[in-house]
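Participant: Got chain V sorted already, so can you dock chains A and E onto it with the hints?
Line by line, the protein sequences are chains V, A and E. If you're matching positions, the first sequence starts at 1 in my numbering and goes up one per residue. If you're matching positions, the second sequence starts at 293 in my numbering and goes up one per residue. If you're matching positions, the third sequence starts at 666 in my numbering and goes up one per residue.
Hints may contain errors.
[Stated by the list, open to error] Below, computed lysine-lysine pairings styled on BS3-like, alpha-carbon distance capped at 30 Å: (1) LYS470(A) to LYS459(A); (2) LYS459(A) to LYS469(A); (3) LYS399(A) to LYS422(A); (4) LYS870(E) to LYS279(V); (5) LYS279(V) to LYS908(E); (6) LYS635(A) to LYS459(A); (7) LYS279(V) to LYS459(A); (8) LYS399(A) to LYS459(A); (9) LYS396(A) to LYS422(A).
[To be verified] Counterexamples of contact, computed for chain E against chain A with all Cβ distances above 12 Å: (10) GLY722; (11) PRO727; (12) ILE779; (13) LYS908; (14) GLY940.
[What the hints assert, rightly or not] Chain V is nowhere near these chain A residues, computed Cβ spacing over 10 Å in every case: (15) GLU404; (16) ALA405; (17) ARG408; (18) ARG438; (19) ILE487; (20) GLU554; (21) HIS573; (22) PRO577; (23) GLU611; (24) ARG663.
Think of the hints as simulated: they come from the structure by calculation, not from any bench. Ideal placement from N, C-alpha and C gives every residue a C-beta, glycine not left out.
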Amino acid sequence: MDNIIRRRTPGARLLRAGLYALLLVMALVYLLPLVVMVLTSLKPLEEIRAGGLLSLPDSLTLAAWLKAWGTACTGMRCEGLSGYFMNSVSIVIPAVAISTLVGALNGYALTKWRFRGANLCFAMLLFGCFIPFQVVLMPMAQTLGWLGLASSTSGLVLVHVVYGIAFTTLFFRNYYVSVPDEMISAAKLDGAGFFRIFWRILLPVSGPIITVSVIWQFTQIWNDFLFGVAFAGFDSQPVTVALNNLVNTSTGVKEYNVDMAGAMIAALPTLVVYVLAGKYFVRGLTAGSVKG
Amino acid sequence: MSALEIRNVRKTFGTTEVLKDISLAIDSGEFLILVGPSGCGKSTLMNAIAGLEPVTAGEMLIGGEDVTWRTPAERDIAMVFQSYALYPSMTVRQNIVFGLEVRKVPKAEREEAVARVAELLQITPLLDRKPSQLSGGQRQRVAMGRALAREPQIYLFDEPLSNLDAKLRVEMRTEIKKLHQRLGTTIVYVTHDQIEAMTLADRIAVMRDGRILQLGTPDEVYNDPADIFVAGFMGSPSMNFIRATLAGQPGSYRLSVDVGGEQPLVLPWPAERETPALVRHVGEPVTLGLRPEHFSEEDARLGDRIEGTLLNTTTTVVEPTGADLLLRVALGESEITVRLGPKSRAVPGEPIALRVDMSRAVLFEPETESRLA
Amino acid sequence: MSQTDSPPRRGANAGRHSLSGTLERVLPRLVVAPSFAVALFFVYGYMIWTFVLSLTGSRMLPQYDFVGFEQYARLFANERWNVAATNLVIFGGLFIVICLILGLVLAILLDQRIRQEGVLRTIYLYPMALSLIVTGVVWRWILNPGLGIQSLVRGWGFEDFTFDWLVDPDMAIYALVIAAVWQASGFVMALFLAGLRSIDDSLFKAAALDGASLPRVYWRIVIPCLRPVVFSAVMILAHIAIKSFDLVMALTGGGPGYATDLPATFMYAHTFTRGQIGLGSASAIMMLCGVLAILVPYLYSELRGSKHG
Chain V
1 MDNIIRRRTP GARLLRAGLY ALLLVMALVY LLPLVVMVLT SLKPLEEIRA
51 GGLLSLPDSL TLAAWLKAWG TACTGMRCEG LSGYFMNSVS IVIPAVAIST
101 LVGALNGYAL TKWRFRGANL CFAMLLFGCF IPFQVVLMPM AQTLGWLGLA
151 SSTSGLVLVH VVYGIAFTTL FFRNYYVSVP DEMISAAKLD GAGFFRIFWR
201 ILLPVSGPII TVSVIWQFTQ IWNDFLFGVA FAGFDSQPVT VALNNLVNTS
251 TGVKEYNVDM AGAMIAALPT LVVYVLAGKY FVRGLTAGSV KG
Chain A
293 MSALEIRNVR KTFGTTEVLK DISLAIDSGE FLILVGPSGC GKSTLMNAIA
343 GLEPVTAGEM LIGGEDVTWR TPAERDIAMV FQSYALYPSM TVRQNIVFGL
393 EVRKVPKAER EEAVARVAEL LQITPLLDRK PSQLSGGQRQ RVAMGRALAR
443 EPQIYLFDEP LSNLDAKLRV EMRTEIKKLH QRLGTTIVYV THDQIEAMTL
493 ADRIAVMRDG RILQLGTPDE VYNDPADIFV AGFMGSPSMN FIRATLAGQP
543 GSYRLSVDVG GEQPLVLPWP AERETPALVR HVGEPVTLGL RPEHFSEEDA
593 RLGDRIEGTL LNTTTTVVEP TGADLLLRVA LGESEITVRL GPKSRAVPGE
643 PIALRVDMSR AVLFEPETES RLA
Chain E
666 MSQTDSPPRR GANAGRHSLS GTLERVLPRL VVAPSFAVAL FFVYGYMIWT
716 FVLSLTGSRM LPQYDFVGFE QYARLFANER WNVAATNLVI FGGLFIVICL
766 ILGLVLAILL DQRIRQEGVL RTIYLYPMAL SLIVTGVVWR WILNPGLGIQ
816 SLVRGWGFED FTFDWLVDPD MAIYALVIAA VWQASGFVMA LFLAGLRSID
866 DSLFKAAALD GASLPRVYWR IVIPCLRPVV FSAVMILAHI AIKSFDLVMA
916 LTGGGPGYAT DLPATFMYAH TFTRGQIGLG SASAIMMLCG VLAILVPYLY
966 SELRGSKHG
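Next comes chain V alone, as it looks inside the complex:
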């Protein structure tokens, strides 16, 4: 927005007050589910049954959180989400690291060493961002079986790397396109080769895009449900799948506070990342969709 002088009549002020009110109300609407989730997770079950979705808890308790973490039933087992949370961690870390590194190298090779067919190659990779993953589920399940990776976290790492490369390549390519070619030419004349230019010249200026790529991949893989439910075994389920099982387990009394605590546990890592590095999160989301 500009800084043009505008009329400051009472009407205009009223309009501005209305604007703030409207934005505030919308903010409350967006916050509501999170508030409900937190409140419910801290209440004992009796209070929930008494109703009052938004009422503050009379007696704060972390019991639901502890149960969701340690002893809640997900399907047949009653060991809480902790193990599945660790599954997610052990899937996310290698998958994010590998896909980001591969994406960076791809983006570098595709923009700074344009070879014949580089554009076509990129277009073909890019397509991987858009396919509905349902179309690869069945063949992937078979392939993982042949590779002996079915029902393992390694299998899920492979799947996430394979389908994450398209995104990371897109990020790095779009970023490296804006790095002046002359800088690479200068390094070539200085005698540096392919990998030295990458390590010494390009990587030191890639901080922002590495952050974008890591955050994007982290949220995507952490939040994934489809691959987890299709390819994971009982011991390798990610936390999203376990959460869904927890909520849908119909044995005994429905414990809403445990459901909500479980949802919070599953949501916290990505929420924390979002709050800490929201700027980069938005950049990842908008990468390639808004020019400049």
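Facilitator: Below, chains A and E without anything else, positioned relative to chain V:
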């Protein structure tokens, strides 16, 4: 042996031919400038010399060795880029030293090179800064320092001054000239600025559409242009091109210019500038090229009489530049530009008497735009 | 460097390069090659594989007894598939339109030099960071007639208030829309806001000098400038809608009955739990066709654009 020799180089992108059979030889210690409008192929030629673009055909020799298929790193060339292309993550010192480091030059020698270059370019206090903390002029110096540190066989400058403001550009221009005079380096320099070309070059190659139209000293290119394009491109304001008809015979050729009146303006062609080609064009239209400074004002007050044919006309616009006065004056249906001394009292709308100095005039064939005399 | 090299006569020239020169030419291709091979196999190969499966009578296990397009005939005759496809049109259409309107309005309002804009933006956008499973679980709780909004409003004294979309087969699909809009509209807002910020400031200045009122400036000048953003947003939202699977699983499980089935859940159910791999594959291929119909014009414009950029 030439420092750089280019033999019949061609370059095509898809179906467009960007370089059409370029041949060129540069002596050691020579300052050659490639000049031309954008899209003429000068930057492509420079990239081809650097090895940043493979050529489609032809050969390239540096110091007598065939380097046509060598990588940029193997060519012993340094380049100063328009955008400076400094490595943003490195300090000035690291920028300067990077090329030496890659080439595994011992540390002591590297330090020596940095000290030498920094002193030469007066950037010693900047050595530990990052490029982002430098002004445009300082970045320019660092970019040159990076090139100078390596002491390569050939330096390439790709429009190095075009990102600087006007004042700094003139300063750096002088500095580059001084450096060249002092170090005696071989330089190929690309620019679209003809003043830069005139002031810096030992020789100028004027390019257009992937060809070199003329290769010569600044004086040759300015006073003896090969065709209408070169004549019009070099010099500011541009040369006036006047439609005329050639008459007479060898020894007494004349040009008659239609100036609107009953009598055409008749300009005698100086005998010493005659060429054998003229005889075939008698009675035919030709294009007369006169630079703005080939005119002078006939003014009784100024006292001294000047040689040349008298031209009576009207001033339409007066543009003082400070140092002198640029006039637009009517010539028949069209207008021409005239450069007069600052003492001139020309007034728009008033008549003016001018003398035409034909001793440096040039003649072109209007169809082919090639030089006649 | 702006264009790819013209076809060099590589056969003639290859030998003239030095060893490191040759390496330098090959290395970039070598680096990209594994990813390319992976894409070739895991994306394109699998698409063909799934297509082949859709032409077979596979049930519990993949088997290659070709039955032609019989699975597709079964699919189109399948009541549940037709519900799923119709649901996708309703869900996708409403989801996209509401997200666009809400996102645009929020972006324009936020673009009025608002104090604490950063905080508001963060609040509007945070749902996008959540897993759709979490979103589903939360909204399932909020929309639960017994203990959620309905009981809350009744508790305020409006005894007749009814909001039981989640358990109403006719309305459950709209409950999905609410949760999905909550999740994605902030993202659309961010897209539009980025678009608004990229509009040249002098445009506003020129319009102010012309005496145009702010609403008119937005309607006549700014919104038309955002057309490319709308285009991208529709592509991305449509893509989310077609792929949406997690949300349905967590919010309604496809129910009541199969009232909120979408093609994604249909495909999963038939392939992995109902032992109808052939039919499931056919539905996956139909989903791919749907994505392609939206994607091809988008990719075309993207790649054409990036050539200029």
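Participant: Does GLY722(E) clear chain A by more than 12 Å, comparing its Cβ with all Cβ atoms of that chain?
Facilitator: holds (50 Å)
Participant: Beyond 10 Å from every chain V Cβ: check whether that's true for ILE487(A).
Facilitator: Holds, because the least Cβ-Cβ distance between ILE487(A) and chain V comes to about 24 Å, which exceeds 10 Å.
Participant: Is it true that the CA of LYS279(V) sits at most 30 Å from the CA of LYS459(A)?
Facilitator: Since the Cα atoms of LYS279(V) and LYS459(A) sit roughly 40 Å apart, the hinted pair is violated (cutoff 30 Å).
Participant: Using Cβ atoms and 10 Å as the threshold, tell me whether HIS573(A) really stays out of contact range of chain V.
Facilitator: Holds, because the least Cβ-Cβ distance between HIS573(A) and chain V comes to about 48 Å, which exceeds 10 Å.
Participant: Is it correct that the beta-carbon of GLU611(A) has no partner in chain V closer than or equal to 10 Å?
Facilitator: holds (37 Å)
Participant: Hinted pair, alpha-carbon criterion (30 Å max): LYS399(A), LYS459(A). Please report holds or violated.
Facilitator: Roughly 38 Å separates the two Cα atoms, so the pair is violated.
Participant: Was PRO577(A) rightly flagged as not at the interface, with every chain V Cβ beyond 10 Å?
Facilitator: holds (47 Å)
Participant: Can we trust that GLU404(A) is non-interface, i.e. its beta-carbon lies farther than 10 Å from all of chain V?
Facilitator: holds (18 Å)
Participant: Hey, does GLY940(E) actually stay past 12 Å from chain A on C-beta?
Facilitator: Given a closest Cβ separation of 54 Å, the condition holds.
Participant: Determine whether the non-interface label on ARG408(A) survives the test: each CB of chain V must be over 10 Å from its CB.
Facilitator: holds (18 Å)
Participant: For GLU554(A), is the shortest CB-to-CB distance to chain V above 10 Å, so the non-interface label stands?
Facilitator: GLU554(A) is indeed farther than 10 Å from all Cβ atoms of chain V, at 61 Å.
Participant: Holds or violated: are the alpha carbons of LYS396(A) and LYS422(A) at most 30 Å from each other?
Facilitator: Given pair LYS396(A), LYS422(A) holds - Cα atoms ~23 Å apart, limit 30 Å.
When held up to the earlier numbered hints, the structure conflicts with 7, 8, 18 and fits the remainder.
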